[in-house]
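Colleague: Spelled out, the chains give:
Protein chains: 2
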Amino acid sequence: MDKFFMEEALKEAKKAFEENEIPVGAVVVFEGRIVAKGRNNRNMEQDIAGHAELMALRTAGKVLGLHKLVNASIYTTLEPCPMCLGAIIQSRIKNLYFGAYDKKLGAVESFMKYKEFPDSSKTNIQGGILEIEASNLLKEFFIKMRNK
Amino acid sequence: MDKFFMEEALKEAKKAFEENEIPVGAVVVFEGRIVAKGRNNRNMEQDIAGHAELMALRTAGKVLGLHKLVNASIYTTLEPCPMCLGAIIQSRIKNLYFGAYDKKLGAVESFMKYKEFPDSSKTNIQGGILEIEASNLLKEFFIKMRNK
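Taken in order, these protein sequences are the chains called A and B. Take 375 as the starting number for the first sequence in this note's numbering and just add one per residue. Take 375 as the starting number for the second sequence in this note's numbering and just add one per residue.
Keep in mind that the hints were calculated from the coordinates and are not lab data. Possibly wrong hints are sitting among the right ones.
The list treats identical chains as one, so a pair stands whether inside a single copy or across any two.
Said to hold, decoys possible - Below, in silico cross-link-like pairs of lysine to aspartate or glutamate (EDC-like), each with a Cα-Cα straight-line distance of 16 Å or less:
#, residue 1, residue 2
1, Lys-442, Asp-421
2, Lys-436, Glu-382
3, Lys-389, Glu-405
4, Lys-436, Glu-514
5, Lys-411, Glu-382
6, Lys-436, Asp-421
7, Lys-477, Glu-392
8, Lys-478, Asp-493
9, Lys-468, Glu-405
10, Lys-436, Glu-419
11, Lys-377, Glu-507
12, Lys-477, Asp-493
13, Lys-442, Glu-419
14, Lys-487, Glu-381
15, Lys-518, Glu-393
16, Lys-411, Glu-505
17, Lys-436, Asp-376
18, Lys-388, Asp-421
On a predicted model such as this, the values are computed, not experimentally measured, just so you know.
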């Protein structure tokens, strides 16, 4: 785990913030470098798959081929939802690192438990990385939306 | 529920079969007509999101706008995996109808239980529709792959 990559995911989240999207960002890392980035754009694109993690995974699949994700890591600023966690586990990515916890939709440990997912043992998971920064960005976003 | 729409989903599955992809197909129905189709193309595209259901949902979101899926139905030939079920529930689609059950990845009742998913009460679910046809197509595919 390398905080540098979570900072890069946070940069993606900040771009989403500027675009009036819920600020979540993700990067996929392979052999020490970022091969894909994603940020939430679900509203703008009206795309259910427009979550940061799924976008980063899809780009990484195109760049590396899906089979290579076995040796990759994903850094995301928010605990993944069931859709994204399902995709992460199915991609057999090696490591999942996330920032803030999501009580409402989090599928790793907040709402669901990742061990209930098929093949979940293939992915190492660690949460709470730059948690305060990721969480504060989300809070700031919802305050901004309420004041609009 | 209308078997006609499941037959249309099966047609998509058969196209996937011809493309050497695991034969699963899906259609989204809104106001009595098909607004989106999808079929598995994960291998060809190296795209983790290339499952039939997610593809059909994404197209439907573009056509109708995500908010309208609340009144739509999805027909898919196979019990959805966690990724697809997560997306289906988050889309707040009204009805999910599926064909065959998937013991390995099925998230409705085979491997996971859909009631564990956040907001799962918003979607009505019925499985086993044209189950034998959907299941036989999958069996035929795996025999074909083994013989290759």
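Colleague: Evaluate each hint against the coordinates.
Modeller: Going through the hints against the structure:
| no. | hint | in the structure |
| --- | --- | --- |
| 1 | Lys-442 x Asp-421 | between (26 Å within a copy, 12 Å between copies) |
| 2 | Lys-436 x Glu-382 | neither (20 Å within a copy, 29 Å between copies) |
| 3 | Lys-389 x Glu-405 | neither (25 Å within a copy, 37 Å between copies) |
| 4 | Lys-436 x Glu-514 | neither (34 Å within a copy, 29 Å between copies) |
| 5 | Lys-411 x Glu-382 | within (9 Å within a copy, 36 Å between copies) |
| 6 | Lys-436 x Asp-421 | between (19 Å within a copy, 7 Å between copies) |
| 7 | Lys-477 x Glu-392 | neither (24 Å within a copy, 43 Å between copies) |
| 8 | Lys-478 x Asp-493 | between (23 Å within a copy, 9 Å between copies) |
| 9 | Lys-468 x Glu-405 | within (12 Å within a copy, 43 Å between copies) |
| 10 | Lys-436 x Glu-419 | between (20 Å within a copy, 7 Å between copies) |
| 11 | Lys-377 x Glu-507 | within (12 Å within a copy, 50 Å between copies) |
| 12 | Lys-477 x Asp-493 | between (23 Å within a copy, 13 Å between copies) |
| 13 | Lys-442 x Glu-419 | between (28 Å within a copy, 14 Å between copies) |
| 14 | Lys-487 x Glu-381 | neither (26 Å within a copy, 36 Å between copies) |
| 15 | Lys-518 x Glu-393 | within (12 Å within a copy, 48 Å between copies) |
| 16 | Lys-411 x Glu-505 | neither (19 Å within a copy, 39 Å between copies) |
| 17 | Lys-436 x Asp-376 | neither (24 Å within a copy, 37 Å between copies) |
| 18 | Lys-388 x Asp-421 | neither (20 Å within a copy, 26 Å between copies) |
Going down the numbered hints, you'll see the structure goes against 2, 3, 4, 7, 14, 16, 17 and 18, while the others check out.
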